[in-house]
Every structure is written in C-alpha cells, then in structure tokens.
Amino acid sequence: MHDTPSAGPQPTVVEKVFAFIDERVGLKQLTAKMLNESVPGGSRWAYVFGSILLFIFGMQTVTGVLLMFYYVPTADHAYASTQYIIHDVDYGWFLLSYHFWGSSAMVVCVFAHMSQVFLWGAYKKPRELIWMVGLALFALVMGFGFTGYLLPWDQRAFWATTVGVEIMDKIPVIGDFLARFLKGGPIPGQMTLSRFFVIHVMVLPAALIGLAGLHLFLFRCAGPAGPFRGTPVELKAKTDYFFPRQIWKDMVGMAVVFACISALAFWEPVVLLDEATPDPGDYHPEPEWYFLFIFQHLRLRMFSGEFGQFLASMLLPGLLGVMLLLLPFFDRNPERNIFKRPLALIGWVVLTVSILLFTVSAIINRDFLD
Amino acid sequence: MQPQLKSKVRCADREVGEVAKVIMDPLSFEVSALVVSMNGAGERQVPIGAVQTVTDNLVQLRSSSSEVMALPPFKREDYVTLHEVEIPGLEKHVHVTPGEVLVPFPELERNVKRRTFFANLTYVTGLFIGLPLVFPVLKYLMKPMYAPMDNRWLKIGNVAKVKANDVGVQFQYKRSIKEAYMPETEIEKNAWVVKATPAVLEKVYQGKDMEFRDPLGKPIWTNKKDIPYLAFSGKCPHLGCAFKWRNHKILGPVFLCPCHLSIYDASGKVLDGPAPRPLDLMPIQVSASGEVQIIDMEFKAGTKSQTRIV
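Line order of the protein sequences matches chains A and B. Going by this note's numbering, 323 is the number at position 320 of the first sequence; the sequence numbering is gapless. Going by this note's numbering, 374 is the number at position 184 of the second sequence; the sequence numbering is gapless.
Hints were generated in silico from the structure; no laboratory data involved. Where hints are given, some of them may not hold.
The calculated label-pair distances, taken between Cβ atoms and stated as ranges, are [what the hints assert, rightly or not]:
| no. | chain 1 | residue 1 | chain 2 | residue 2 | range |
| --- | --- | --- | --- | --- | --- |
| 1 | A | 357 | B | 378 | 36 to 42 Å |
| 2 | A | 271 | B | 440 | 35 to 41 Å |
| 3 | B | 461 | A | 181 | 27 to 33 Å |
None of these values were measured; they are calculated from a predicted model. We put the beta carbon where it would ideally sit given N, CA and C, even for glycine.
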C-alpha cells in the first residue's frame, strides 16, 4: 500500500454531494441565512404557533392525499367510500380521524397565533402586510373546514352545507349567485359535492400555499417583532437566532400538537351519521364546534327577521373582518405593550369570552331540544 | 459619514493601519466598531467611540497608537457576515463599501427606447389571452346553476294518516332526481300536512284563495281557501333546516326548528325565534279517496318575501 499525503480524512459521499450542490446554489450560505434569523429578545414559547400551523398544514396535506386514494366524490359513493375508509381500510379510521381532528387543531392554533400577534402588537408598522395576509389565511382555514365536512356526505355534512350556503346567500348583490355557484343547483347534490371537493383539494390548498409563502416572505422582510418590553440593550443581550433555540421550542410544540391530535383520533375517532338526505329524521343539525358560536348567535331574538339575520350573519362578522383588516392603519400608536393598550386588551377579552360563552350555550342548548 | 473600508487609520500620534472590517449593531443599525489591520501586526477591534473624525480615506482616532496596540486582538469567531445572517433592513444602512460595484450594461440594451411600451405590451398580451377566456369559463362553471322548476304533482300519502285537527303530520315522500350525468336517483324529502279548522284556515288564507305562479307569472295552481288541508314545505324559512312538530312547555303543540329555534303555530305563523316569515305553503290536492298530491317546492330561506328555488 502506498499512502498519499492528505490534509485530513477523505470526504464522505454525503459531504461530496453537499459540496456539489453548495458549489452550484450556495447551499451553505442559504442554510445559514435561513437558520440565522435574529430573534430580538430571544426565543419564546409564545412564538411557536406559526411553525405549528405549518406543521399541521403539512400533516393535513399528507393525510388528505392518503384519504383520496379511496374516497370518491360522488353523491352515490362518497358516503360508502368514507365508510370503507373507516371500517375496511387498515388504519383508515386513524388517518381520517387525524385529518378531522387536525382541522380542529388548525382552528385552535390559528386563534392562538392571531391572539399572540394581536396582544404583542406585532401587527403594527412595518408589519401591516403580514397581518393582512394572515387574515386572508384565516379565511382560507375556515373555508377548508366548511368545504371539508361536506365530503363524507352524511347528515351533518348535508345540513351544515344547506345552512352555510343559505347564509352566504344573504351577501348583498352577489349572494344569490354565490350560493347557486357553490351548490351548482337548487339543492345540495352531486354538483355541490364536485364543487366542494375541487375547492377543498385544489383551490384552497393552492391559495394557502401561495399566501403562506407570501406571509413568510413578508415576515422575513420585516423580521420578528420581539417582546413588547425591554430596552434595546436588554433585547440585544438576549437576542438569539432562529436555530437552535426557537426551532427546538417549535419542535416541542409540534410534537405536543401531534400527540394531542393522535390521541383525539385514537380515542374519539370519526363516526359518520346516516347518509345525507333532505329529510333529517331525528337528527338535530349542528355545525362543527368552531362554527357553533355563529350558529348560536343566529338563534338570538335580537337577530330575528330578515334584517336581524343580515345583521347577525353578514353585517357584524363583515364589520369585524374589515376592522381587523384595517387595524394596523387606524391603530397607529407605536406602543406595543398590551398593558398600555386598554382598548385592545378589552376588545380581545370581550371577543374571546363571547365566543366561549356562545359555544358553551350552544352545547347546553342541545339538552333542551328533545 | 460612515467609515470607508481601506481608509487609513491615524492615531493621535501616528498612522497605525487601515480599516479592514466594519462591525454593525443589529438593533440600531449603526457602525459599532472598526477592525483595524495594524500594518502586519494583527487586527484590533476599535470601538466607534474612539473615533474622532471620519473623512474620505481617513479615520482619525482619539487614542494613541500604543493604546490601540494594547487593545485585545480581533476575534473573528465572535462574528458572522451579512451573507450568513438575516437581519431585515440592515443592509440598507451599510454604506461602508469603497465605492460602487459595477457590471457592464449589455450593448444591445443601451439604445432600446421603448421600454415602457414593451412593458405595457406584456399586460396587453395578458389581457388578450385572459379576457376571451372569462366568458367561456364563467359559462362553463355556471352550467348547473339555473335549472328550470319542476311542477309535477307528487303523491305523498293518504290523509287517513291525519287523525286530529290543527296538528302537524309529517309526510315522507321520494322525489326522483336526475342530475347531469348521474343515474336517476330518489331522494327522501318531507312535507308537513295540517288538517286545519276554519279559524286556522282563515289565518292562513285571510279570505282569499292562494295562487301559485311560475317566475314568468303563468298560474300553476290555486289553493282554495275552504279546502282544509295545508301542506308546508319541510324547509324552515329561517335558514333551511328541517323543522318538527313538538310540544312546547308554554306555547303548546308547535312547529319547532331545532337549528335556530324558530317556532310556528299550526297555521305556519311565527310565534317565536328568528324566522323572517311564516312557513311556506305548497300547492296541495286531495282526491276523493284521500290521496294527497303536492307540487314540491322550496323557497329561499332568510328573506321576508318568498323566492322559489326548487
């Protein structure tokens, strides 16, 4: 054997591949730039929700694609194919239930994420665009929920869609067109199922991927807002990079969320009601829990009559939406400390408490229906 | 003025070297220190506070050369370059490069006059491709949206089922549906039939026969005011759920919608809850043998006026 003199050990195959790519695209610098994002004031548990949402979306994509291997979006087979997934396909019940509980987790984490941004005053200049794109993403998540639970074509699906579309019908000017467009006919049927299916598996995911990318890009342009307290010197002393401390916290958050969704899927698997039909029998129609507060407040006597209903289902939610959208523009006070923004704090508490109250009262109301 | 790279660095007594690197503060975006290459004697990190004046190509320090030499050597491993970290907005504040970095402008590009014209041409081309597609795509998507109404009479059962006056009785029936390419199927629906006493009939018809017309105004059927049988569409006029006949603690027997708790009496009048109008009546015929026939109709929910959609 003949020893060739070398500076160190020979590079492994992995290192060679890495070097090959690095030479062409600047992988090292790119990775560094991705991971070395300064987090002013240091990593925090409060910042984990964005990453968690990305994780949940990833898992929804994976489970959703897997469900499509068996699911058939036709009025005569949607129900049967969903039952087949639940009862016959190995672990089908788990994947379907994971997808179902994943959507709930998405809503919970969106609420947490938005609350964090709101309470930290992180929507203020220069982060207005991140906030606005975030609101659009919130609307997409709700759209996912609404289009998703028609797909199993059971009684819950049928009635939630019937009522949901009737509500959309009340949008001024375009309401009737929109309702017919979504239903693809006078009553929910095959056309409705086809439309909801393509919206759920193609249109919304494409929109979400695009907007989430934009959201992240805008976030990287402006940088993290950091805590609302502390002098620049204190912040600088505690600043670290996205990797590893924040990523570690994000990973723990993801693992916890994964465990929760899996546990729910395991112990509370999806059970379908009877197949969809315009005759509900003894079933009391009710939407998914995260729409319950809207459902319940439509029951209030103050929202009776045509105008009352318009007020409750269009005007108030619409105004709230516009207010949130324009929030960074009329709230120009640079103060970010939530304890020095009493109006914002009170607004958040009132909204959260009323959502909770309406949800709970909808659940209590169930007992008085029979 | 920010110090330039390669500027000479002069101490109170003599020149000691040149600016080799510049250190920025990531929060204030200000230059916080200079790294001075000491003419071959290593590098020293000089805080910006030690700088007296900065002019073109010269940084004047307050300290003496021995004081600068006594500073600890610059530790490169405590820092990262701008290429390895993302601090939004920082690069915009860096003006330490010694002049502009240039590349030649291609020959062919130098004398192009109509840049704006070409930019606008791309939009025009886009419109040229997109606009003709709008109408066909809309029509494509709208195909099933406005189906004609179906005014066939449907047999739904026999009135023998109705045992008492002014009581809601559910009639379940099947309606065949042929949707686009799908095989013809039957869907289950339900209507509520009430055998009304004259008082209730008066409440419903108010002394007038009820005429049903199609959207063009052509009469379809007239419910006579003295026929005691009423058929209500099974769809709640509030938001389209299915209502039931229930015993209410205070109001007695009523139609109750479990969704948003609208309550109607046997004549369909709203007693309580959010509904904007009474229950919807459908055309009804009862034969001598008691067979009930209806024209199946559904109306838009949530509006004060009736708009037929099925």
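For each hint, the structure was consulted:
no., hint, verdict
1, A:357 / B:378: 36 to 42 Å, "holds, 38 Å"
2, A:271 / B:440: 35 to 41 Å, "holds, 37 Å"
3, B:461 / A:181: 27 to 33 Å, "holds, 32 Å"
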